[in-house]
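Sequence order for the protein chains is B and P.
In this text, residue positions in the first sequence follow our numbering: the first is 1, and each later residue adds one.
In this text, residue positions in the second sequence follow our numbering: the first is 1, and each later residue adds one.
It is possible that some hints are incorrect.
The calculated lysine-lysine pairs, modelled on DSSO-like cross-linking and capped at a C-alpha distance of 30 angstroms, are [as the list claims (entries may be wrong)]:
hint, chain 1, residue 1, chain 2, residue 2
1, P, LYS230, B, LYS311
2, B, LYS311, B, LYS175
3, P, LYS156, B, LYS335
4, B, LYS411, B, LYS498
5, P, LYS322, B, LYS175
6, P, LYS322, B, LYS199
Simulated from the structure, these hints should not be mistaken for lab results.
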Amino acid sequence: MSEALTTGASPLQREQAVTVFEKGAPGRRAFACPELDVPEADPAALLPAGLRRSEPARLPEISEPELVRHYVRLSKRNFDLDSGFYPLGSCTMKHNPRLHERVAALPGHARLHPLQDPDRAQGALELMWRLERSLSEIAGLPHVSLQPSAGSHGELAGVLLTRAYHEDRGETRHKVLTPDTAHGTNPATVTMAGYEVVKVGTNADGGVDIDDLRAKADEDVACLMLTNPNTLGIFDQNIEEIARIVHGVGATLYYDGANLNAVMGRSRPGDMGFDIVHFNLHKSFTQPHGGGGPGSGPIAVSDRMEPYLMKPVIRRVQGSNGHAPRFELDHDRPKSIGRLRGFQGNYGTFVRAYAYIRSLGAEGLQDASETAVLNANYLLARLRALVGAELPAAFGTLCMHEFVLSGAPMKKELGIRTLDLAKRLLDHGFHPPTVYFPLLVDEAMLIEPTETETKETLDAFAEAVAAIVAEAREDPAIARNAPYTTPVRRLDEAGAAKRPVIRQPL
Amino acid sequence: MSTYTATTPQDLETMLAEIGVASIDELFAALPEGVRLGRPLDLPAGLPEQDVYAHLRELAERNVSAEDELTFLGAGMYDHYVPALIDMLMSRSEFLTPYTPYQPEISQGGLQVMFEYQTAISELTALPVSNASVYEGPSAVASAAYLAKLANGRRKVVVSRGVHPHSRETLLTYAHGYGAEVVEVGLKDGVTDAEAWAAAIDDDTGAVIFQQPNFLGAVEDAAALAEAAKGSSAVVVGAYDPIPLGILRPPGECGVDVAVGEGQPLGNRLDFGGPSFGFFAATEAYLRRMPGRIAGETTDVDGRRGFVLTLQTREQHIRREKATSNICTAQALNALAGVVYLAWLGRRGLVELGELLLQRTHYARERLTALDGVEALHDQPVVREFALSLDADVRRVIERCQDHGVNPGYALGDDYPEHPGGLLVALTEQRSRADIDRLADVLGAAVAAERTTAQVTA
Ligand SMILES: Cc1ncc(COP(=O)(O)O)c(C=O)c1O
Chain B
1 MSEALTTGAS PLQREQAVTV FEKGAPGRRA FACPELDVPE ADPAALLPAG
51 LRRSEPARLP EISEPELVRH YVRLSKRNFD LDSGFYPLGS CTMKHNPRLH
101 ERVAALPGHA RLHPLQDPDR AQGALELMWR LERSLSEIAG LPHVSLQPSA
151 GSHGELAGVL LTRAYHEDRG ETRHKVLTPD TAHGTNPATV TMAGYEVVKV
201 GTNADGGVDI DDLRAKADED VACLMLTNPN TLGIFDQNIE EIARIVHGVG
251 ATLYYDGANL NAVMGRSRPG DMGFDIVHFN LHKSFTQPHG GGGPGSGPIA
301 VSDRMEPYLM KPVIRRVQGS NGHAPRFELD HDRPKSIGRL RGFQGNYGTF
351 VRAYAYIRSL GAEGLQDASE TAVLNANYLL ARLRALVGAE LPAAFGTLCM
401 HEFVLSGAPM KKELGIRTLD LAKRLLDHGF HPPTVYFPLL VDEAMLIEPT
451 ETETKETLDA FAEAVAAIVA EAREDPAIAR NAPYTTPVRR LDEAGAAKRP
501 VIRQPL
Chain P
1 MSTYTATTPQ DLETMLAEIG VASIDELFAA LPEGVRLGRP LDLPAGLPEQ
51 DVYAHLRELA ERNVSAEDEL TFLGAGMYDH YVPALIDMLM SRSEFLTPYT
101 PYQPEISQGG LQVMFEYQTA ISELTALPVS NASVYEGPSA VASAAYLAKL
151 ANGRRKVVVS RGVHPHSRET LLTYAHGYGA EVVEVGLKDG VTDAEAWAAA
201 IDDDTGAVIF QQPNFLGAVE DAAALAEAAK GSSAVVVGAY DPIPLGILRP
251 PGECGVDVAV GEGQPLGNRL DFGGPSFGFF AATEAYLRRM PGRIAGETTD
301 VDGRRGFVLT LQTREQHIRR EKATSNICTA QALNALAGVV YLAWLGRRGL
351 VELGELLLQR THYARERLTA LDGVEALHDQ PVVREFALSL DADVRRVIER
401 CQDHGVNPGY ALGDDYPEHP GGLLVALTEQ RSRADIDRLA DVLGAAVAAE
451 RTTAQVTA
């Protein structure tokens, strides 16, 4: 098997990368400009020379057929979720239903101008209001803003809300606590929002170190940012105590919703004591990732945070005399932190998330989380049985929707690193897990299978990992030099950073 | 069981046995009693695909989209034609469904698209450095001010009142967090008041921000605005509409340090405001302070040309609290549409489009200001959008026009109380001379009717 996966250049490898700027020829074009149908005025009089561009931007000159072929060929140099297993931990790579693409493309959604009079956008506002209500119920928190554009944008919203909350009470606080397992966006957000990051340690069970938290939680702390289950895939059993400590010093408790897919219908952040939650619609709610976005990061908040929510908010106004309810955009919010972006947010992602929630309903969402947890535990058990010595679980024997393995024993005994295993998985047709995160686990590998994978796929993945470990026992160089079958092989990243070439020289 | 999961009873039994538990409930045993929901979510039951489709279609039909009326709405997002090949490419699994390209060997398609996109944005802006996209326009403006804060530590941001109201509001929200003071400079004759602008810039100023064309559609003298900041330490930020950049002097030739903007006009749908993308370009000096992903060219072990995410030591996953930004997921798919659109327009097409809009905008301004009760709000050069001043209640005029299937534009009064009669009218290549003539007829009649009504009630 391994031999077959180490041989010769594939057709894709024989194809040299050529950019769109290197294709086409002078005079070619794809766009036919509409005729000038108005009386021609002197262009120089309409736009004086000093304001004008002297040389056209050196864009490609290319025909439509060449353009289509260029980008279709490029697409074939991508691995994607529709082609294979993508257990990228913390990213919730679940199936993206195609119904969502179809409904989002309906002209009534796709060609609706964001500044259309609300009376003429009632369908869109109702959809947003319904999505808000659904997310509120899922989070267990009463108020929702859909505005943020991604998870980290939701985090910024949450920390700025926290600032507004404290300031409104006449308090100035300077610190925000984040566990050492936190995603990088958490501390980065804290700095952007003008606070100082204070790290909290992790205990032997993989949860927050309560003593450390107690020692660091004081009246200068504005907020604790947490995800639960955390990035180790472990549900923090002390969550109620954590909430008591944080609220005891008057701070807010923030829930990074990247891991919500573990608990839908089973437990709600609001019931755990969180004041603010962000959702990643591009994780738990199937918005396709698009190779790095678009995403969407709505937030849900408790009553005490509500006055500070971003503007505008959607209001449902009861109709009188049997008239249907109306939906309005309310801008009159004196305590609001303001806006985090233009218009109403990434509406196209709302259409998809709402379609998903309506397709699954209460039972389906709960089934999604339960199956996600089942699949993760099954894969963990299979891997433990097959490669438990080389790749032990970092914490515990059970997990939630994802789990962390440590490649440290494998590195020590077989001489291959987590990175090598990941690269060798590419030859087996799998997307590797998240690697080297969370930071506190040596040679970490964070695996999140999601609920939409079959048992057969999980089995095949576990066997591929086992085959790579067995192969490394024979000859570690194979993994160390992997991959072999991909369009390109290992790339010189250090060189790229040292002498950055970030655009085509023209 | 939802239709997106696949566990059969037989699978379940095998899997639980392998795990060594008796039930799914046991897998959730870690949840303390006090935080268990203990009831089903209070949400409607799931629906079959065809019913969800019907429901979503019904909601769509209660919106009046650009398909249903003749619209001249712009004000930041524009109804340009999106070529069919963009729909096709954006719906391809290989572009639609991957994550951020963390494994470059199997992500060369997406990485090369980023590299091409960066090249296109650099060409458009005449600035050497572009990232691979940020969320959208207004937050890009706020992020540019944050870049300035990190670069020079000065606490004041000077912003023109010609910058999109949403951008100014977003800037205020962000700036309150990282502790900057925002000072607004007013407009004079439709453009940034040059004297007030120069007077506002001092030793404390970290960034100055204008928009091109500004929110009232006027073309600013970008070079003069940038010049006024020379000699100070301020980063000069311009927020640009990308379409007129085919004919407007690019930011890189005007002394602008950072050019940002809303990318929607480049091949993205209106989508009621998003998803679209924001572009972010800068001079070489700010390369290592850029927010977001950047793709770079390199080679693989066999010497093949390839692309990777690069300069990652700026980013949150490496630098954490010291990162230049918190952005992670951005807008890669929308940026793909952007670069495909620019390639589709091509070198000459972008210029032709700019010249066409210039002529039609001029024609529309002439036609509409010839109407009774309608004047130009300013006389500055305009390229795709212009502001009118109506001698009538603007909202009611808009309503009257909409009753005739025409949306004449955006009422300026809420954002600019100094222009209670302001109406902002935008053009794209989809609005022909016949459409403009129809707008003139409908708007003329609506203004006349509204003035008559107002006289009667007075
Ligand atoms: C735990 C966690 N928090 C936050 C984020 C940031 O989310 P986004 O990429 O949507 O900004 C991620 C995404 O990777 C994450 O995994």
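Hint-by-hint comparison with the structure:
At most 30 angstroms may separate the alpha-carbon atoms for a hinted pair to count; P/LYS230 and B/LYS311 exceed this at roughly 36 angstroms. With a C-alpha separation of about 26 angstroms, the suggested pairing of B/LYS311 with B/LYS175 holds against the 30 angstroms cut-off. Restraint check: the Cα-Cα separation between P/LYS156 and B/LYS335 comes to about 23 angstroms, which is no more than 30 angstroms; the hinted pair holds. This hinted pair checks out: B/LYS411 and B/LYS498 have alpha carbons roughly 28 angstroms apart, not beyond 30 angstroms.
A distance of roughly 15 angstroms separates the Cα atoms of P/LYS322 and B/LYS175; the hinted pair therefore holds under the 30 angstroms criterion. A hinted pair counts as satisfied when its Cα atoms are at most 30 angstroms apart, and P/LYS322 with B/LYS199 qualifies at roughly 14 angstroms.
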